[in-house]
Amino acid sequence: MLDDFFTRAILAGLGVAIVAGPLGCFIVWRRMAYFGDTLSHGALLGVALSLLMQVNTTLTVFVVSSALAVLLLLLRRQGTLSSDALLGLLSHSALAIGLVCLAFMTWVRIDLLGLLFGDILAVNRQDLLLIYGGGVLVLALLAWIWRPLFAATVNPDLAAAEGIKPERVNLVFTLLLAGVIAIAMKVVGVLLITALLIIPAASARRLSSGPEMMAVIASLLGCVAVVAGLFGSLKWDSPSGPSIVVAAMGIFIVSLAPWERLLAKRDFKRSTNP
Amino acid sequence: MNAMEKPALSGQDRQAPLVRLERAGVSSGGRWLVRGVDLSVSPGEIVTLIGPNGSGKSTSAKMALGILKPSEGKAERKPGLKVGYVPQKLLVDWTLPLTVRRFMALTVKLPDARILAALERTGAAHLMRAEVRHLSGGELQRVLLARAIAVSPDLLVLDEPVQGVDYSGEIAIYELISRLRTEIGCGVLMISHDLHLVMAATDQVICLNGHVCCRGTPLVVSQSPAFLELFGHRAGAGIAVYQHNHDHVHLPDGRVRHADGTVSEDCAGEHCDAPHDHADQAHDHCAHLDQGHSHAHGESCGQGHSHDHSHHGHSRDQSGAPVKETADAR
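Protein chains in written order, with the numbering used here: chain S, 1 to 274; chain P, 1 to 330.
It is possible that some hints are incorrect.
What the hints assert, rightly or not - Simulated pairs of lysine-lysine, DSBU-like, Cα-Cα distance not exceeding 30 Å: (1) Lys82/P / Lys165/S; (2) Lys235/S / Lys82/P; (3) Lys78/P / Lys109/P; (4) Lys165/S / Lys109/P; (5) Lys82/P / Lys69/P; (6) Lys69/P / Lys109/P; (7) Lys74/P / Lys89/P; (8) Lys165/S / Lys74/P; (9) Lys78/P / Lys165/S; (10) Lys109/P / Lys89/P; (11) Lys89/P / Lys165/S.
These are calculated hints, taken from the structure and not from any lab test.
All chains, full assembly: derive it from the sequences and hints.
What follows is the structure, encoded as structure tokens:
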């Protein structure tokens with residue numbers, strides 16, 4: 001079964017979508033979309049460094065993204081530039097440095113488009129192992145810090161007052177995010193990872209009445225987007241990574257229109273006969 | 001403080017303080033937000049911080065909670081202290097689907113029965129399935145308080161627990177707070193604008209204005225010159241309700257200064273037997289408004305209506321005094 005490249009692609013996509021759902025919810029709740037973008041742009045720098053130093057790509061990407069995240073937290077604490085300016089600065093600097101490094105390495109022939117937009121059809125067994133192994137680890141850690149992380153998301157002061165260390169759970173969450181970027185890079189590429197994190201979560205919002213429910217629905221919608229996008233790319237011969245994002249966007253649009261009215265009706269009922 | 005020597009207040013043994021600040025202060029960007037705060041809260045004790053905006057009430061509470069590290073001085077908490085905290089503000093973004101029930105179990109897992117019991121105590125049981133971001137200001141305060149008490153905390157920290165709550169609800173909540181400290185024996189650190197209502201419930205009042213400007217029992221504080229300096233001559237502000245009771249000040253030489261600034265030899269019949277009468281007045285006030293409350297209920301009309309009623313009662317009672325801040329906030 002795993003011999004077929006398309007099956008492998010679907011499995012890889014599903015694995016990434018399942019992990020991306022809950023993390024994406026936190027990105028949406030915490031308004032960290034641009035933060036995720038910055039980390040994933042840093043991934044390109046990670047790829048360049050791994051080629052330069054001949055070390056494992058996934059690991060290097062994880063380390064570089066994490067380092068970027070920590071650097072960002074430190075710079076933010078200094079409070080000189082505003083958060084979004086810092087993010088823009090780091091994000092595009094990392095992307096540019098990565099591209100410059102790659103261009104200097106004339107002995108390396110690399111598919112730049114594959115890095116930027118993903119190369120899901122070239123996923124091999126090793127990649128699958130990485131996606132599922134890493135994915136399980138990320139989800140397990142996320143489940144472990146779920147309650148404190150959610151509390152710190154709702155109100156950091158309240159969480160801190162009642163015995164949670166917001167800074168610590170934030171750090172763990174950031175590392176998990178870097179981990180997801182490292183394993184998802186091959187599937188959708190550095191430019192589109194944030195889309196896979198955010199769009200399913202945003203679509204799930206209208207369909208959910210609780211945070212845990214939203215996380216599960218985001219995973220499911222991500223899976224639907226992966227399957228639809230991959231079959232679409234097979235049928236119309238479109239690039240697979242972007243096709244997945246387009247499918248996710250389609251789901252988001254569908255989630256917008258009819259559900260709003262349905263939910264409004266339910267709310268109305270609840271308020272009239274309590 | 002010499003808590004050990006004090007007679008037991010509510011039949012309970014006073015123990016070591018739950019939390020203690022010693023000469024604590026926080027500076028930010030080269031400015032002292034608050035400095036030299038000494039305070040301690042013991043089990044079963046209610047300590048209230050009052051002071052104008054920006055006087056460091058919330059900052060002091062946050063130091064006590066460990067949210068802010070003091071830049072100078074010490075903040076100590078009893079190890080393993082269980083805290084229930086009602087923050088001053090809670091904004092829930094649209095992107096966050098959060099029901100009251102899930103919100104109640106925010107920092108610790110709680111069985112449904114416990115959640116419901118806590119909500120019932122604050123009169124918010126009917127909100128169990130509502131979304132937090134749809135709650136009105138007063139409803140949110142009740143839910144926040146319910147969440148804080150659901151864990152049976154050792155220490156309750158309440159940052160303006162009645163903001164946006166209607167007047168009769170305010171009294172009910174203050175009564176609940178003073179009942180809780182006897183029932184679960186928790187210490188309470190409260191921040192309030194409104195000394196008037198807090199008076200009956202609190203053991204110690206600390207008046208802040210960037211530093212501790214006076215402290216003591218509510219009656220001592222309410223007569224302290226520093227307190228009057230801070231609040232007494234400000235018209236129309238939060239403590240105006242309070243000023244209404246103190247429409248004249250006894251000067252050191254025995255003369256009386258009236259609200260309009262005139263000074264006379266005595267207070268011409270408007271005098272009240274200072275400390276006692278004040279407290280009584282406060283009680284009177286409560287009783288009267290409770291009436292207004294039950295009246296509104298009896299009518300079994302919509303909630304908004306009953307609010308109106310108690311509200312009217314309130315402003316009537318103030319006899320022309322400016323409507324207080326909490327009412328405005330709605």
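Hints and how they fare:
{"no.": "1", "hint": "Lys82/P / Lys165/S", "in the structure": "holds (15 Å)"}
{"no.": "2", "hint": "Lys235/S / Lys82/P", "in the structure": "violated (60 Å)"}
{"no.": "3", "hint": "Lys78/P / Lys109/P", "in the structure": "holds (23 Å)"}
{"no.": "4", "hint": "Lys165/S / Lys109/P", "in the structure": "holds (17 Å)"}
{"no.": "5", "hint": "Lys82/P / Lys69/P", "in the structure": "holds (19 Å)"}
{"no.": "6", "hint": "Lys69/P / Lys109/P", "in the structure": "holds (28 Å)"}
{"no.": "7", "hint": "Lys74/P / Lys89/P", "in the structure": "holds (26 Å)"}
{"no.": "8", "hint": "Lys165/S / Lys74/P", "in the structure": "holds (20 Å)"}
{"no.": "9", "hint": "Lys78/P / Lys165/S", "in the structure": "holds (17 Å)"}
{"no.": "10", "hint": "Lys109/P / Lys89/P", "in the structure": "holds (23 Å)"}
{"no.": "11", "hint": "Lys89/P / Lys165/S", "in the structure": "holds (20 Å)"}
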